[in-house]
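Asker: Given chain A, put chain B in place with the hints provided.
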Amino acid sequence: MPWSRDDMARRAAAELKDGHYVSNFIPPGITVQLQSENGMLGMGPFPFEGEEDPDLINAGKQTITELPTTSYFDSAQSFGMIRGGHIDLSILGAMQVAENGDLANWMIPGRMVKGMGGAMDLVAGVKRVVVLMEHTAKNEPKLLHRCTLPLTGAGVVDTVITDLGVFAIDKKAGTMELIELAPDVSLDEITEKTEASFRVRPGLE
Amino acid sequence: MANKIYPDAAAALDGLLHDGMMIMAGGFGLCGIPEKLIGAIRESGFNALTIVSNNAGIDGAGLGLLLESRQIRKMISSYVGENKLFADLYLKGELELEFNPQGTLAERIRAGGAGVPAFFTKTGVGTLVAEGKELREFDGETYVMERGLIADLAIVHAWKGDREGNLVYRKTARNFNPVMATAGKVTVAEIEQLVEPGEIEPDEIHTPGIFVQRIVHYPTYEKRIEQRTVRKRGA
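One line per chain: the protein sequences are A and B, in this order. According to this note's numbering, the first sequence holds residues -16 to 188 in order. According to this note's numbering, the second sequence holds residues 424 to 658 in order.
Simulated from the structure, these hints should not be mistaken for laboratory data. Heads up, some of the hints might be wrong.
Computed spacing ranges between beta-carbons, pair by pair [what the hints assert, rightly or not]:
1) B:Tyr644 - A:Thr48: 12 to 22 Å
2) A:Lys121 - B:Lys507: 19 to 29 Å
3) B:Leu520 - A:Arg(-12): 49 to 59 Å
4) B:Met568 - A:Thr119: 33 to 43 Å
Here chain A is said to cover these stretches of chain B; the calculated rule only asks that three of the stretch's residues, wherever they fall, bring their Cβ under 8 Å from a Cβ of chain A [claimed, not checked]:
5) 434 to 444
6) 503 to 510
7) 530 to 537
8) 550 to 558
Virtual Cβ for every residue (Gly too), placed ideally from N, Cα, C.
Excised from the complex, chain A in its bound form (with noise of 0.2 Å):
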């Protein structure tokens, strides 16, 4: 069986390691400071109802609290963070990813286009990017040889996850390896459902 979106959640919360500082991700039970970029560092939870406050919201415009640890800047430092390489870990979405590690998640031609935010930055700065995606989109690959879209950044995914398993790109080399399946999922389904070209990790059949 294919992983649900609580397993892939899981199993990206499998990349973090204790002490990390963290952008866009909320990961259950070890510690890391989340970073928002709009000016924070240690995010804390949702208020409870009543004590919302308007002067505190994350990168998402959600109300959120402040921790014992968190600091405040403004959205110049908040991106030195980002693009100085401070930031350990990011986890973002995808629309296509390439082999060679490009990324496109943030624009399609002929529609109306929202902007890119901060994920430019994230990818282009942040230590590690790793992409948790469905495998594929209305049952075409996600997965690509190169994308079509145009990108967010180039040669910037380290990992990416989806509900049939884990691929590890290799950025300077270009290519793509397979290193985890889901349950039940077999080698023959998510080739026939990724494009890109990837190794299969010796002794995963």
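Answerer: Okay, now just chain B, sitting in the frame of chain A:
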């Protein structure tokens, strides 16, 4: 001591506005936006404005008010997803749009305010954002050149301020406000609390008063919440 305090937002903007000017407006979503100054710009009727702001407000609030009144000709932003009127005007060709990655936007403003005409960044290399821009290699990596940005006017929202123009922001309402305060040829700040010089610890000032030419004090603000998310009080 020069008096930087003006009686209301219209007075604080008097003589500063003209058609076709570039204005930076602080805020992230509706958080930390200079809502009184935006309202006064709407009342002024000046138009063909270029607005530099991370977002474009929502329908009926923030910069959405200036879209409704058709006073904006061009937006320089990173994300405009929350605004239906924006999409309509853009698709009809009534509004120009320049997308900047959010970090590039923030750094362009920081650079402009610091007298830095251009800088190099990895963000956007290999994407549409880098097209037509100078690329250069440093230490084996490719970077794209981005220009510093200076506006005719910056409007910002702060929590606390004094007559000198020293400002303190509150929580994530800080966002783009301090960098924009440095990059306006003139900067006007609206504040929630007016205090006497000396009441803010000098170590705790976020924006030194040299960057702020005019101040207007309003004790209450609308401060609309875009996404009200809460958790249940558990056992």
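Asker: Give a verdict on every hint.
Answerer: Tested hints:
no.	hint	in the structure
1	B:Tyr644 - A:Thr48: 12 to 22 Å	holds (21 Å)
2	A:Lys121 - B:Lys507: 19 to 29 Å	holds (26 Å)
3	B:Leu520 - A:Arg(-12): 49 to 59 Å	violated (33 Å)
4	B:Met568 - A:Thr119: 33 to 43 Å	holds (39 Å)
5	434 to 444	violated (count 0)
6	503 to 510	holds (count 4)
7	530 to 537	holds (count 3)
8	550 to 558	holds (count 3)
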